[in-house]
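Number of protein chains: 2
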Amino acid sequence: MAKISHISPLAPFEFPKLPVVGGVEFSTVAAGIKYQDREDVTLVRLTAGTTIAGVFTKSSTRSAPVLDCQAKISQNDETGAAILVNAGNANAFTGKKGLEATDAVTSAVAACLKLPQNRVFSSSTGVIGELLPHERITSKLNDLRELLSEASIRDAAEGIRTTDTFAKGSGKTLDIAGKTVSIAGIAKGSGMIAPDMATMLVYIFTDARVEQSVLQSMLSELTALTFNCITVDSDTSTSDTLLLAATGTSDVHISDGSGPFRDALHEVMLDLAHQVVRDGEGATKFLEIKVCGARSQKDAKTHAMAIANSPLVKTAAAGEDPNWGRVVMAIGKSGAEADRDLLSIRFGDILVAENGWVSADYQEDDGVNYMKKQNLKISVDLGIGEASATVWTCDLTHGYISINADYRS
Amino acid sequence: MAKISHISPLAPFEFPKLPVVGGVEFSTVAAGIKYQDREDVTLVRLTAGTTIAGVFTKSSTRSAPVLDCQAKISQNDETGAAILVNAGNANAFTGKKGLEATDAVTSAVAACLKLPQNRVFSSSTGVIGELLPHERITSKLNDLRELLSEASIRDAAEGIRTTDTFAKGSGKTLDIAGKTVSIAGIAKGSGMIAPDMATMLVYIFTDARVEQSVLQSMLSELTALTFNCITVDSDTSTSDTLLLAATGTSDVHISDGSGPFRDALHEVMLDLAHQVVRDGEGATKFLEIKVCGARSQKDAKTHAMAIANSPLVKTAAAGEDPNWGRVVMAIGKSGAEADRDLLSIRFGDILVAENGWVSADYQEDDGVNYMKKQNLKISVDLGIGEASATVWTCDLTHGYISINADYRS
Numbered sequence: 001m002a003k004i005s006h007i008s009p010l011a012p013f014e015f016p017k018l019p020v021v022g023g024v025e026f027s028t029v030a031a032g033i034k035y036q037d038r039e040d041v042t043l044v045r046l047t048a049g050t051t052i053a054g055v056f057t058k059s060s061t062r063s064a065p066v067l068d069c070q071a072k073i074s075q076n077d078e079t080g081a082a083i084l085v086n087a088g089n090a091n092a093f094t095g096k097k098g099l100e101a102t103d104a105v106t107s108a109v110a111a112c113l114k115l116p117q118n119r120v121f122s123s124s125t126g127v128i129g130e131l132l133p134h135e136r137i138t139s140k141l142n143d144l145r146e147l148l149s150e151a152s153i154r155d156a157a158e159g160i161r162t163t164d165t166f167a168k169g170s171g172k173t174l175d176i177a178g179k180t181v182s183i184a185g186i187a188k189g190s191g192m193i194a195p196d197m198a199t200m201l202v203y204i205f206t207d208a209r210v211e212q213s214v215l216q217s218m219l220s221e222l223t224a225l226t227f228n229c230i231t232v233d234s235d236t237s238t239s240d241t242l243l244l245a246a247t248g249t250s251d252v253h254i255s256d257g258s259g260p261f262r263d264a265l266h267e268v269m270l271d272l273a274h275q276v277v278r279d280g281e282g283a284t285k286f287l288e289i290k291v292c293g294a295r296s297q298k299d300a301k302t303h304a305m306a307i308a309n310s311p312l313v314k315t316a317a318a319g320e321d322p323n324w325g326r327v328v329m330a331i332g333k334s335g336a337e338a339d340r341d342l343l344s345i346r347f348g349d350i351l352v353a354e355n356g357w358v359s360a361d362y363q364e365d366d367g368v369n370y371m372k373k374q375n376l377k378i379s380v381d382l383g384i385g386e387a388s389a390t391v392w393t394c395d396l397t398h399g400y401i402s403i404n405a406d407y408r409s
Numbered sequence: 001m002a003k004i005s006h007i008s009p010l011a012p013f014e015f016p017k018l019p020v021v022g023g024v025e026f027s028t029v030a031a032g033i034k035y036q037d038r039e040d041v042t043l044v045r046l047t048a049g050t051t052i053a054g055v056f057t058k059s060s061t062r063s064a065p066v067l068d069c070q071a072k073i074s075q076n077d078e079t080g081a082a083i084l085v086n087a088g089n090a091n092a093f094t095g096k097k098g099l100e101a102t103d104a105v106t107s108a109v110a111a112c113l114k115l116p117q118n119r120v121f122s123s124s125t126g127v128i129g130e131l132l133p134h135e136r137i138t139s140k141l142n143d144l145r146e147l148l149s150e151a152s153i154r155d156a157a158e159g160i161r162t163t164d165t166f167a168k169g170s171g172k173t174l175d176i177a178g179k180t181v182s183i184a185g186i187a188k189g190s191g192m193i194a195p196d197m198a199t200m201l202v203y204i205f206t207d208a209r210v211e212q213s214v215l216q217s218m219l220s221e222l223t224a225l226t227f228n229c230i231t232v233d234s235d236t237s238t239s240d241t242l243l244l245a246a247t248g249t250s251d252v253h254i255s256d257g258s259g260p261f262r263d264a265l266h267e268v269m270l271d272l273a274h275q276v277v278r279d280g281e282g283a284t285k286f287l288e289i290k291v292c293g294a295r296s297q298k299d300a301k302t303h304a305m306a307i308a309n310s311p312l313v314k315t316a317a318a319g320e321d322p323n324w325g326r327v328v329m330a331i332g333k334s335g336a337e338a339d340r341d342l343l344s345i346r347f348g349d350i351l352v353a354e355n356g357w358v359s360a361d362y363q364e365d366d367g368v369n370y371m372k373k374q375n376l377k378i379s380v381d382l383g384i385g386e387a388s389a390t391v392w393t394c395d396l397t398h399g400y401i402s403i404n405a406d407y408r409s
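Protein chains in written order, with the working numbering: chain X, 1 to 409; chain S, 1 to 409.
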């Protein structure tokens, strides 16, 4: 693992400056779960009154910590809360012992921080099928508690990485009724990324005060537009977890799921989702796929995902080949409604195909030049309706094969 | 195209000796459709009384020749018939002009062979979105007619290739009521292979006498067990065509869709389907994926295809990594029913995982040694029902990326 020494060419220039979110403290330690010489266990403490919403993998073989989080997520409580994350071991497909390990970790965190156990969430990410050495985590809890600091969010972003080539963070502040509300989030993930969130862990914090039911519906709706619209390799992990915690320390009450707070949260989530794609294993191109003119939103997304997941489209992007025939192929195979003779395809602003054939104005040289860009847009207008969807992916390269043909042995 | 100079390591030792099927003649010529210095147009003439069944791509952007074949396939006729195939140009996504080109080809063949046009089928395979230079085909029809011979099936198998690294053929003879019945088939295809038959052309001939409706239902049922159970890259072509022609010259009448004739046809179709996988772009391993113990046959196939299409499972095979965790992941993401704690996984005869965790008897060395084989079997018992399904695929290697990242430019 983590033998990728270079940083993704699509990485942001630097880790962003994130606002401090009142009521959230972070700490990390090196526990030797699997990696040596790096922080691999991260603790987050959330102040009393914090509400928490969550979205999780839909995998039927989901991991023990995911099952545990799901059981706890809808329980409201006025006490504080905590999140503990380890990297290097997914505690997935570990049977009854996996549940026992999660229980051991969350009960020890509860005791250490004087919280009820049902307010301690955990995530594990890394190799599947190996028992989690939970004593290595629990023996470090006092150190973690001592190190807790509101300023340490970047350390947390580093601590949750596995094969990620860069730490991922995004934040925003906004003024509401003369007060400042902050949002800050971190994410990890690069392979096994697909709708329903793949090997991905995301933690977002805000000092707004939001009731759990409002927080949950906002999170679910925005996930459908962000993390569930990205794919790296169409594979879905057993561990995906997205937690959103609202501490309320700003004293700004968000009472419904629309307005500027939702917009800011949407921006943070979309930025983190894009960063996950930009760290896609072996990625050298960032692709935005937009399908409009569909009969339904579901059809639009089915077509967009068929294009985004097509190995032939993704290898064409890698080869800088304006191969719109493969886009036609992907639309054809998706199973959703399309009329071959009504659809049009654009690469960026270049009209490539329309009326069932190559556009009369299209010059192959224009397409070839366009494909040299690092950020590519492929747009399809189906011409049969009003619905649209946008998804994001990366290209499929030799780098992906290299990373995944010898990840574990 | 066709810049792959080596033959797939999974190719059969040699092209098989195929039986001559009475009433079927073949010829090939070099027409310079796209390739130079090779045969690229193939003609098949079928004797009067031949019945023909067909199965085609389900792509909504299917090619002009596919639309034309579909319109003609169910028309019974006592006249002879013909099939014309060109390689190098798919005549797909070519709009109205594409239909005109197909019409020009089939009407010229009809005139040349004195057949009604509704008995002339055609296929085009190669690049999408370029107009078919149909005059290059029609100007060679007299040559093709002169060259027709019952012995030339191997030339036909060569003539229909595009990126294939070897020509594909399979045949059988069987005795029925003291008479000999022959079946011989040829196929092309290596990339864009997925259920619903991908960039694949298959032509199978028999001298049995079979009514069109019986022939069609046998073909459809057996396709579900053979060509629709293979995948190379999950992509589906716009051109897939499978035609089965029964000339009746053996004077053996097959009146129902069961019995030894069906079994022999099944064997030929499965052999050809496996050969297509064995020529999968960049393939170095042949994988059989069997899922049993499912609640329904549909669930079993959904799980099997999720495993077979998973880039992470396919790269693990390429890397000879016994990474059963990725098999668990693929089952989890498939959407079909599974219980994490009841499923068991075998690599060959080696029990790798059971009861939701790695098997107590499993030794990693055994898995590592097993994965060195060229032909791999991954079996999953879901433990919740009686239904099963088997599918076939190949590994995902640097070769696939090399072939597809610069196919067209």
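Some hints could be false.
Since copy identity is lost for identical chains, a pair holds within one copy or between any two.
Straight-line Cα separation of at most 30 Å, DSSO-like style, residue types lysine-lysine; simulated pairs [as the list claims (entries may be wrong)]: (1) Lys72 - Lys377; (2) Lys298 - Lys58; (3) Lys179 - Lys96; (4) Lys96 - Lys114; (5) Lys58 - Lys179; (6) Lys97 - Lys377; (7) Lys298 - Lys377; (8) Lys17 - Lys58; (9) Lys290 - Lys96; (10) Lys290 - Lys58; (11) Lys114 - Lys372; (12) Lys114 - Lys373; (13) Lys97 - Lys373; (14) Lys34 - Lys372; (15) Lys179 - Lys373; (16) Lys140 - Lys373; (17) Lys377 - Lys58; (18) Lys290 - Lys179; (19) Lys140 - Lys372.
These are computed hints drawn from the structure, not numbers from a lab.
Quick caveat: nothing in here was measured; it's all calculated off a predicted structure.
Evaluated hints:
Proximity of lysine 72 and lysine 377 under a CA criterion of 30 Å is satisfied in neither setting, with 40 Å inside one chain copy and 40 Å between copies. In the homo-oligomer, the alpha carbons of lysine 298 and lysine 58 lie at most 30 Å apart both inside one protomer (18 Å) and across protomers (19 Å), since each shortest distance falls under that limit. Within a single copy, lysine 179 and lysine 96 get their C-alpha atoms no closer than 48 Å, and across copies no closer than 63 Å, so neither meets the 30 Å cut-off. For a Cα distance limit of 30 Å, the shortest separation of lysine 96 from lysine 114 inside one copy, 26 Å, qualifies, whereas the shortest one across copies, 74 Å, does not.
For the homomeric pair lysine 58 and lysine 179, neither the shortest alpha-carbon distance inside one copy (38 Å) nor that between copies (57 Å) is at most 30 Å. When the C-alpha separation of lysine 97 and lysine 377 is checked against a cutoff of 30 Å, the pair qualifies only between copies, where the shortest distance is 29 Å, while the shortest distance within a copy is 46 Å. Taking CA atoms no more than 30 Å apart as the test, lysine 298 paired with lysine 377 passes inside one copy only; the shortest distance there is 20 Å, against 36 Å between copies. When the C-alpha separation of lysine 17 and lysine 58 is checked against a cutoff of 30 Å, the pair qualifies neither within a copy, at 33 Å, nor between copies, at 51 Å.
Taking the closest pair of Cα atoms, lysine 290 and lysine 96 come within 30 Å of each other only across two copies (27 Å); inside a single copy the shortest separation is 44 Å, beyond that limit. In this assembly of identical chains, the alpha carbons of lysine 290 and lysine 58 lie at most 30 Å apart whether taken from the same copy (25 Å) or from different copies (23 Å). When the C-alpha separation of lysine 114 and lysine 372 is checked against a cutoff of 30 Å, the pair qualifies neither within a copy, at 56 Å, nor between copies, at 52 Å. For the identical chains of this complex, lysine 114 and lysine 373 are neighbours neither inside a copy (53 Å) nor across copies (55 Å), given an alpha-carbon limit of 30 Å.
Taking the closest pair of Cα atoms, lysine 97 and lysine 373 never come within 30 Å of each other, the shortest separation being 49 Å inside a single copy and 33 Å across copies. Taking identical chains as interchangeable, the C-alpha atoms of lysine 34 and lysine 372 lie at most 30 Å apart only when they sit on different chains, with a minimum of 27 Å there against 39 Å within one chain. In this assembly of identical chains, lysine 179 and lysine 373 lie within 30 Å of each other by CA distance neither inside one copy nor across copies; the values are 42 Å within and 66 Å between. In this assembly of identical chains, lysine 140 and lysine 373 lie within 30 Å of each other by CA distance neither inside one copy nor across copies; the values are 47 Å within and 44 Å between.
In the homo-oligomer, the alpha carbons of lysine 377 and lysine 58 lie at most 30 Å apart both inside one protomer (29 Å) and across protomers (27 Å), since each shortest distance falls under that limit. When the C-alpha separation of lysine 290 and lysine 179 is checked against a cutoff of 30 Å, the pair qualifies neither within a copy, at 37 Å, nor between copies, at 60 Å. Taking identical chains as interchangeable, the C-alpha atoms of lysine 140 and lysine 372 are never at most 30 Å apart, the minima being 49 Å within one chain and 41 Å between chains.
In the structure shown, a violation is registered for the earlier hints numbered 1, 3, 5, 8, 11, 12, 13, 15, 16, 18, 19, in ascending order.
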